[in-house]
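Asks: When you read off a place in the sequence shown, starting at 1, and then add 666, the result is the number in the working numbering.
Incorrect hints may have been included.
As the list claims (entries may be wrong) - Restricting the straight-line Cα-Cα distance to at most 20 angstroms, the calculated cross-link-like pairs of lysine to any residue (SDA-like) are:
| id | residue 1 | residue 2 |
| --- | --- | --- |
| 1 | Lys922 | Tyr848 |
| 2 | Lys920 | Gln945 |
| 3 | Lys944 | Lys967 |
| 4 | Lys798 | Ser686 |
| 5 | Lys788 | Gly728 |
| 6 | Lys690 | Asn704 |
| 7 | Lys920 | Asn846 |
| 8 | Lys819 | Glu838 |
| 9 | Lys690 | Thr709 |
| 10 | Lys720 | Ser672 |
| 11 | Lys922 | Asp960 |
| 12 | Lys798 | Asp783 |
| 13 | Lys798 | Glu963 |
| 14 | Lys906 | Asn934 |
| 15 | Lys922 | Asn934 |
| 16 | Lys714 | Ser727 |
| 17 | Lys819 | Asn875 |
| 18 | Lys922 | Asn873 |
| 19 | Lys798 | Phe809 |
| 20 | Lys690 | Lys720 |
| 21 | Lys714 | Leu746 |
| 22 | Lys714 | Leu678 |
| 23 | Lys692 | Asn704 |
| 24 | Lys720 | Thr709 |
| 25 | Lys922 | Asn846 |
| 26 | Lys922 | Gly905 |
| 27 | Lys918 | Lys967 |
| 28 | Lys692 | Gly728 |
| 29 | Lys967 | Asp802 |
| 30 | Lys720 | Asp705 |
| 31 | Lys690 | Tyr722 |
| 32 | Lys906 | Val942 |
| 33 | Lys798 | Arg782 |
| 34 | Lys798 | Lys920 |
| 35 | Lys689 | Ser702 |
| 36 | Lys821 | Tyr848 |
| 37 | Lys821 | Asn875 |
Quick caveat, the hints were computed from the structure, so don't treat them as lab data.
Keep in mind that this is a model prediction, so the values were computed, not measured.
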Amino acid sequence: MKIEFSTSDIELTLSKLGISYNKKGKRYWSLCPNPSHNDNVPTNFSVKENGNCKCYACGFSGNLIHVIRAKTGIGFVEALDFIGKDVSVNDKLNVDYKDSKPVNYKPKKESKFFIRDNELHKITNEFIANNKYLSDRGYTEEFCNHYRIRLCKSKTQWTEKYNGYIIIPLDEINSFEARNVYRENGRDKVLYPYGVYNKSIIFDLANLNSTEDLIITEGTGTLAKLYTSGYRNITSIFGKEISIDQIDLLNKFKRKILIVDPDEAGINLIHTMYPVVKQLYVMDLPFGVTDESDNFEELVKTSNVIPAVEYLIKHHGVME
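Make the full structure from the sequences, and use the hints.
Replies: So, in structure tokens, the structure goes:
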């Protein structure tokens with residue numbers, strides 16, 4: 667049984683993957699999604715109205731499922747779910763179709779992140795001491811080793827845009843978070859470089875203990891000082907917004923303790939989470955304290971943990 671795709675399937679999938687396209691006639695034209703092809707010609711790759719696709723430059727071919735898997739690294743069943751197809755059709759498909767792979771789409775053996783091992787360098791305490799972005803956030807060599815965080819030094823065609831970035835593995839989606847540590851403000855963050863913007867994981871999920879208190883931060887930068895302070899059951903939701911999938915994951919844990927920046931975005935995050943995340947608490951840090959504050963670690967250890975609703979009433983006099 668072959669999966670049938672509609673034009674709405676195609677447009678929704680391309681949009682969810684962050685792929686810009688132009689429709690001409692019965693085809694959708696865009697840059698090639700093959701991660702091994704550093705494409706810059708938006709007319710090399712086309713998707714027909716039946717979902718079949720091909721890149722006329724590198725030979726990548728298949729259908730929408732192959733595009734999703736190439737951009738995200740997820741499995742076949744997950745790709746079906748991503749596009750909104752009934753995953754039960756997996757049992758009806760022949761083995762050859764399930765195992766088929768697009769032409770010339772071969773993950774590089776050197777690294778599942780498409781960055782060669784010899785391009786990823788160990789981050790030492792000496793390097794951290796000379797890098798303001800990392801030192802301000804309390805990074806240590808031990809912390810980087812624990813989470814396999816490395817510095818990318820690359821000049822190859824595919825990975826040169828990550829040269830000078832720290833690479834933080836996200837094993838669940840076979841991807842990574844990258845941050846430019848040579849810019850003081852820490853911008854140029856790249857999350858899910860294959861274009862997946864619907865966040866469906868929390869950081870280091872496989873190693874978290876669901877029977878213990880879970881400390882949640884907005885970004886991965888805050889984790890360094892928490893780790894140095896002795897905390898291990900710590901995670902990040904990768905920003906100031908949270909997805910339904912992340913809410914479902916967090917609800918599998920016992921008590922959740924949220925640490926947010928004392929700004930409007932942080933308060934809005936609490937407002938979003940407290941009605942739907944069970945047993946949500948907030949660390950009651952003094953106003954103005956962030957992960958860049960010199961006494962952040964000490965205040966984390968001595969601050970009270972209070973229910974999210976109580977935190978909102980105490981500091982803002984409102985519940986919603």
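Asks: Taking the hints in turn, state whether each one holds.
Replies: Hints, one by one, checked against the model:
1. Lys922 x Tyr848: violated, 33 angstroms
2. Lys920 x Gln945: holds, 7 angstroms
3. Lys944 x Lys967: violated, 23 angstroms
4. Lys798 x Ser686: Violated - the C-alpha atoms of Ser686 and Lys798 are around 36 angstroms apart, more than 20 angstroms.
5. Lys788 x Gly728: Status violated; Cα separation ~38 angstroms.
6. Lys690 x Asn704: Cα-Cα ~23 angstroms, so violated.
7. Lys920 x Asn846: violated, 34 angstroms
8. Lys819 x Glu838: Violated, at roughly 24 angstroms.
9. Lys690 x Thr709: holds, 11 angstroms
10. Lys720 x Ser672: Within the cut-off at roughly 17 angstroms; holds.
11. Lys922 x Asp960: Not OK: Lys922 and Asp960 at ~25 angstroms, beyond 20 angstroms, violated.
12. Lys798 x Asp783: violated, 25 angstroms
13. Lys798 x Glu963: Between Lys798 and Glu963 the Cα gap is close to 18 angstroms, so the pair holds against 20 angstroms.
14. Lys906 x Asn934: Distance of about 8 angstroms is within 20 angstroms: holds.
15. Lys922 x Asn934: Holds - the C-alpha atoms of Asn934 and Lys922 are around 17 angstroms apart, at most 20 angstroms.
16. Lys714 x Ser727: At roughly 11 angstroms apart (the allowed maximum being 20 angstroms), Ser727 and Lys714 satisfy the hint.
17. Lys819 x Asn875: violated, 34 angstroms
18. Lys922 x Asn873: Roughly 16 angstroms between the alpha carbons, so the hint for Lys922 and Asn873 holds.
19. Lys798 x Phe809: holds, 16 angstroms
20. Lys690 x Lys720: holds, 15 angstroms
21. Lys714 x Leu746: holds, 18 angstroms
22. Lys714 x Leu678: Holds: Lys714 and Leu678 sit about 14 angstroms apart, inside 20 angstroms.
23. Lys692 x Asn704: violated, 25 angstroms
24. Lys720 x Thr709: holds, 11 angstroms
25. Lys922 x Asn846: violated, 30 angstroms
26. Lys922 x Gly905: Holds: Lys922 and Gly905 sit about 17 angstroms apart, inside 20 angstroms.
27. Lys918 x Lys967: violated, 25 angstroms
28. Lys692 x Gly728: Status holds; Cα separation ~17 angstroms.
29. Lys967 x Asp802: At roughly 19 angstroms apart (the allowed maximum being 20 angstroms), Asp802 and Lys967 satisfy the hint.
30. Lys720 x Asp705: Holds - the C-alpha atoms of Asp705 and Lys720 are around 13 angstroms apart, at most 20 angstroms.
31. Lys690 x Tyr722: holds, 16 angstroms
32. Lys906 x Val942: Distance ~16 angstroms between Lys906 and Val942 Cα, so the pair holds.
33. Lys798 x Arg782: Distance of about 26 angstroms is beyond 20 angstroms: violated.
34. Lys798 x Lys920: Violated, at roughly 36 angstroms.
35. Lys689 x Ser702: The given pair, whose Cα atoms are some 24 angstroms apart, is violated under the 20 angstroms limit.
36. Lys821 x Tyr848: holds, 17 angstroms
37. Lys821 x Asn875: This hinted pair is violated, its Cα atoms lying about 39 angstroms apart.
In the structure shown, a violation is registered for the earlier hints numbered 1, 3, 4, 5, 6, 7, 8, 11, 12, 17, 23, 25, 27, 33, 34, 35 and 37, in ascending order.
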